[in-house]
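Peer 1: Residue numbers (this note's numbering), protein chains in the order written: chain A, 1 to 68; chain B, 1 to 251; chain C, 1 to 352.
Check before you lean on any hint, since a few could be wrong.
Some, not all, of what chain B presents toward chain C, calculated at C-beta under 10 angstroms [to be verified]:
hint	residue
1	Ile40
2	Cys48
3	Val50
4	Val54
5	Cys62
6	Ile65
7	Val75
8	Ala76
9	Val106
10	His107
Quick caveat, the hints were computed from the structure, so don't treat them as lab data.
Here the structure is a predicted model, which means the values were calculated and not measured.
Glycine included, every Cβ here is placed at the ideal spot set by N, Cα and C.
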Amino acid sequence: MAKMTVITERCKGCGLCTSACPKNIVSLQKEKRNKKGYFFAVCTDESACIGCAMCAMMCPDCAITVEK
Amino acid sequence: MAVVFERPKSFCDVTLHYCPGCTHGIVHRLVCEVMDDMGIEGDTIGICPVGCSVMAYDYFNCDMIEAPHGRAPAVATGVKRTNPDKFVFTYQGDGDLAAIGTAETVHAATRGENIVVIFINNTIYGMTGGQMAPTTIPGQVTQTTPFGRDPELAGYPVRVCEMLSTLTGTALAQRVAVDSVPHIREAKKAIRKAFENQKNKKGFSIVEVLSTCPTNWGLSPLEAIKRLQDEMIPYYPLGVYKDIDAEGGDK
Amino acid sequence: MERNLMKGNEALAEAAIRAGCKCFFGYPITPQTELAAYMAKRMHKAGGVFLQAESEIAAINMVLGAASTGVRAMTSSSSPGISLKSEGISYLAGSDLPAVIINVQRGGPGLGGIQPSQADYFQATKALGHGDFHVLVFAPASVQEMVDFVVKAFDKADQYRMPAMILADGLLGQMMEPVSFPEITPCAHDKSSWAADGHKFKREHHIINSLYLSPDQLQSSVMDRFERYEKIKAEETDAELYLTDDCDILLCAFGATARVVRSAVNDARALGIKAGLFRPRTLWPFPVKEINQAAQSAKKLLSVEMSMGQMIDDIKLAINCSKPVEFFGRTGGVIPTPAEVLAEIKRIGGAE
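Next comes chain A alone, as it looks inside the complex (with noise of 0.2 angstroms):
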């Protein structure tokens, strides 16, 4: 049981966060902007979510927080 949160008022969509998912569950979507005008990054299957927190560790703008 693990469960990543993108904080989405930090997040500026730039995406690296979803090249760094081992199990390709992080994306950006294309309905959602935040306050800045960004599409922010989102788990796509939390069921799936290892906690291992390579997302959040190459998110430039601390943007992610992991639990397990």
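Starting from the known structure of chain A, arrange chains B and C on it as the hints suggest.
Peer 2: What follows is chains B and C alone, placed relative to chain A:
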């Protein structure tokens, strides 16, 4: 569930001004993680440069000083010499450290100044809009090398770690990158070692971090990471260029 | 009180140590080098830091670093070196940091010469770096004043959180005179509200900075500083008035030149010419009130400087051009003689 990853305590809880995908934020966080791990935030004074990270004083929660362009190692020297029991680090870009501040960098190193220098090499001047840096790779297009850097005209890049590794006063000169999680882990280890060196009074430690500048390179953040891997790492090979521990002890 | 025969440059250094200066960062340049050499010998024993920097630029930035942590810091140089330090001095001013900078002037421009000069008056009082700011400028005329003003400079720099300069010259720096060092208790200005010396998890982090990207914020920070300058102009001016009460001709000179002019004034008096001397001890702030008092009875003023005429502008402004101000100067390292100055006094109207 327990938190396995969150913002380090010494990283001010504010939105960074950096462009999307700029890796400054990763390096900031690594420095903060090391400060947290060592419990030294309260005893650390950071010096920020002129350039994109000029406002790093708003991000590091330790005491901070904003230095004139290129002078951070001299400012750090003044701090450290009068406060030898404090931790002192500079955070500088390539223009700041390897062009206007070359003298300050080289002499802080050769004096064996007991400080940590975090050096961001992204082969370009970011803050002023993408001009040639001392580290711009031959052929690289920038605002001031519109046809690609021509060594006949603009000379060759400076390889900072290689240069500083020749100096007796340098304790650690290591080049790392923040293009992938394994490299980020390696970068954090290097920064930790640099701060440990300071704690153990070993002298000047520099960690050069290959970084990206998607905006001024004209690339997407992911393309920028790929350029770092394909073009920068071959020109600026990662590794330890000098480590006095590996050479068998103190200088 | 014990009196020692000391060279001006060495007296500056000893005074700084006694004033609680904890670090000196310098770079060799004639004619101030004895100061650094003295510091190299003495500072370590006094428990402070001496470091020879790789350049004047590095030295002033080391001062900036040390001053940021609340430590009393000093650097010294001579004219060309001060030009190099001007960037750092602007940053010190913009960051509201106290520090003491010594300029043992030599002739310029460019590499100039190595003999005494006062041609850095404009630089010191008007533009010691880019931007809207001032530094306190003290002008000693004897080795004893070099001692006294260094002590005062540290104190005032701390009090007003700004750089202070001792504007000396090669003549004073190289000259030997008896001096006494007063017992000094370094003024205990509390710097804990701003010093960046490690927060120990007991306070918010301190930031030493001169960057304000918002024009409104920058304007307000500069205006705050200028409010402080107004207070300094009202309270910190200092000048010596010599035989000015009844003078017909008021000579104006500072530093080493004032010693020459004093002789000429005495010679003039012996000839029955009513000459007096106004000698500013602070060049910024300029002693406006004092010069107006000194000039009350004067029909003419004569500014004597080791330059092509720089202080004369401040004199005209200070008296609002209410009286004629003449000029006599030597430059490039040439020192005016009392006879030359006396001839000038006679020429401009004291002779008949």
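Peer 1: Now look at each hint and say whether the structure bears it out.
Peer 2: Hints versus structure:
no. : hint   : result
1   : Ile40  : holds, 9 angstroms
2   : Cys48  : holds, 9 angstroms
3   : Val50  : holds, 9 angstroms
4   : Val54  : holds, 6 angstroms
5   : Cys62  : holds, 6 angstroms
6   : Ile65  : holds, 4 angstroms
7   : Val75  : holds, 4 angstroms
8   : Ala76  : holds, 6 angstroms
9   : Val106 : holds, 8 angstroms
10  : His107 : holds, 4 angstroms
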